[in-house]
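Protein chains: 2
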Amino acid sequence: MIHKLALIGFGTVGQGLAEILLDKADTLRDTIGFEAQIVAISDLLKGAVYHPDGLDIATLLDVIKKTGNLDDYPDQLGLERGWDSLKTIQETNADSIVEVSYTDIETGQPAIDHCRAAFTSGKHAVMSNKGPVALAYEELSRLAEENNVRFGFEGTVMSGTPAIRMPLTALTGTDIREARGIFNGTTNYILTEMEKGLDYEVALQQAQQLGYAEADPTADVEGYDAMGKVVILANVIMGQPLKKSDVPCKGISHLTSADIEQATREGKRWKLIGRVKKDENGISGSVAPEMIPMTDPLASIMGATNAITYESDLAGPITLVGAGAGRVETGFSILIDLINIARGQI
Amino acid sequence: MIHKLALIGFGTVGQGLAEILLDKADTLRDTIGFEAQIVAISDLLKGAVYHPDGLDIATLLDVIKKTGNLDDYPDQLGLERGWDSLKTIQETNADSIVEVSYTDIETGQPAIDHCRAAFTSGKHAVMSNKGPVALAYEELSRLAEENNVRFGFEGTVMSGTPAIRMPLTALTGTDIREARGIFNGTTNYILTEMEKGLDYEVALQQAQQLGYAEADPTADVEGYDAMGKVVILANVIMGQPLKKSDVPCKGISHLTSADIEQATREGKRWKLIGRVKKDENGISGSVAPEMIPMTDPLASIMGATNAITYESDLAGPITLVGAGAGRVETGFSILIDLINIARGQI
Chain A
14 MIHKLALIGF GTVGQGLAEI LLDKADTLRD TIGFEAQIVA ISDLLKGAVY HPDGLDIATL
74 LDVIKKTGNL DDYPDQLGLE RGWDSLKTIQ ETNADSIVEV SYTDIETGQP AIDHCRAAFT
134 SGKHAVMSNK GPVALAYEEL SRLAEENNVR FGFEGTVMSG TPAIRMPLTA LTGTDIREAR
194 GIFNGTTNYI LTEMEKGLDY EVALQQAQQL GYAEADPTAD VEGYDAMGKV VILANVIMGQ
254 PLKKSDVPCK GISHLTSADI EQATREGKRW KLIGRVKKDE NGISGSVAPE MIPMTDPLAS
314 IMGATNAITY ESDLAGPITL VGAGAGRVET GFSILIDLIN IARGQI
Chain B
14 MIHKLALIGF GTVGQGLAEI LLDKADTLRD TIGFEAQIVA ISDLLKGAVY HPDGLDIATL
74 LDVIKKTGNL DDYPDQLGLE RGWDSLKTIQ ETNADSIVEV SYTDIETGQP AIDHCRAAFT
134 SGKHAVMSNK GPVALAYEEL SRLAEENNVR FGFEGTVMSG TPAIRMPLTA LTGTDIREAR
194 GIFNGTTNYI LTEMEKGLDY EVALQQAQQL GYAEADPTAD VEGYDAMGKV VILANVIMGQ
254 PLKKSDVPCK GISHLTSADI EQATREGKRW KLIGRVKKDE NGISGSVAPE MIPMTDPLAS
314 IMGATNAITY ESDLAGPITL VGAGAGRVET GFSILIDLIN IARGQI
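Taken in order, these protein sequences are the chains called A and B. Just so we're aligned: 74 in our numbering is position 61 of the first sequence, and the numbers increase by one with no gaps anywhere. Just so we're aligned: 77 in our numbering is position 64 of the second sequence, and the numbers increase by one with no gaps anywhere.
Among the clues, some could well be false.
Because identical chains share one entry, a pair is satisfied inside a single copy or across any pair of copies.
Said to hold, decoys possible - Derived DSS-like pairs (lysine-lysine); straight-line CA-CA distance at most 30 angstroms:
id, residue 1, residue 2
1, Lys37, Lys290
2, Lys209, Lys281
3, Lys291, Lys37
4, Lys17, Lys290
Worth flagging that the hints you see were computed from the coordinates, not collected in a lab.
From just these sequences and the hints, can you work out the full model?
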């Protein structure tokens, strides 16, 4: 059965997904029986198109590349234009909503409202944006369950690296006592460069030039991005309603070359560690730079790579290392959720 | 619904599983709705008992600890004794067969026959023994499919670390071009100790004293154990019918202190790498010690730990690090297969 998609937003992640769906359509159909169709796109700035029988992906990508405006998508019998995000979510024939709109990190809006609309319309919602999961997991997961649809967000913690799906499929039944990791590639890149001798400011500029860090790097370097991921892990993997305000958060902007040298002298390495821990006092989360020993698997994670270690009672420590960002990787994080929704798997 | 188990063999792995089922019965029922019951055990040396309403796990473990003989399990109305493995597989009311018998690594027997009997009797079969998967994957997976039952073997590659389930659930849809890893904890321990200055022979003796290496260490140190895992990955993850005889295999017994020093001088580290690779020439596998650069995530894997790196087109390199052996970990590898069978998940 063809899985019909409506994309809310058509920026980097949405286009990345569209490219994968175009390039791999035959392989996905022939090897795993997955067939997807984009029936609608609604983007606040780039316009909106909808056709119940599907849009042509190559044409969509071509139009966006050439004019940046979906109004230039060619006319066709039955084509609708200009539907806003809520109408697109509620009134198209999509099976799944791909929520990749530009979202406020403080409020999680409009993504949270998009999820609510999707679930109450009986549609699955899949996203890589942290907002809805970090700020409204309890409400949204219950709403999805009540409407018998799925809430997919693999990409919110480590992009296409399965920080969420791995424990849900392969560690269930264990008591996961701790998850700790390097959840922010930008800061790990900066720390790696500082270890090579650069000052913080120079390393940050370099990260900005390479596109790892934003012009305003606050969310990365002060640990807020990692904090959101800690909150997601607490809620989804540990099943505990931890909130952002519960998580003490310290970034790396105060670290100096002298701090780096001290770690090296002690045979250690600074890493910005996000941690969520469950013990007799309940759940707790934190984000802070830590000097970790070189024997810790997280110590060898260099550059923009991410990693997570799960400690459990039955499986011992298990570490997962991989990309934490990237156009193709994040597009894939959406695809893997859609594939598993279509095949009825976690 | 209660999932009924028959254990064929009651050695370390079978007892490890029984302990977990006993200790975690309430948690597994309350948190994930999983309830298992051991209805039968048939062990060539320790005897056999069967009761369609279930055996008492604490008593089973107690009897084995005290006398080593299941004949000492107390009498009870409806209890059957002395059923051999095939009768136990075919005629008990078990839903799943836990195949943990002592199996010949050359022929994979009697485990392969046990799997055949399980599948044709409409029962799932779960195991940590490599034989059936490494030697007869094509036949057995087809037989399981035809009979609408499951063939579970997470534990065959990296014990409870999900080297198999992770790619099947989280990387499907990607083109996995290569899997390479450290699949043998004994040799990785020996190499780690050699790097500390021990000779090969001394490091091997130390591994034997710690119980990592067998009295006859051939299967580990000559790479045959890793070779079986390479074959499993080729068949299961790459979908290619690679055989053991297709895999060139070199162990670590020829490595000298001079070799270790050379690697250190070059900023590298020896690791026994199992590799399976897919390119325009088809599939190929190999096992050999390699000097890998310290920037490779596999270089930092020390001691008896295992690790695997998957290279794919959409997700970038993803590395999974964890235990590759252990009583609890391997017992868990059986449990996680059973949980996923019971909940209808991969």
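Results of checking the hints against the structure:
{"no.": "1", "hint": "Lys37 x Lys290", "verdict": "between (40 angstroms within a copy, 20 angstroms between copies)"}
{"no.": "2", "hint": "Lys209 x Lys281", "verdict": "both (14 angstroms within a copy, 19 angstroms between copies)"}
{"no.": "3", "hint": "Lys291 x Lys37", "verdict": "between (41 angstroms within a copy, 18 angstroms between copies)"}
{"no.": "4", "hint": "Lys17 x Lys290", "verdict": "neither (39 angstroms within a copy, 34 angstroms between copies)"}
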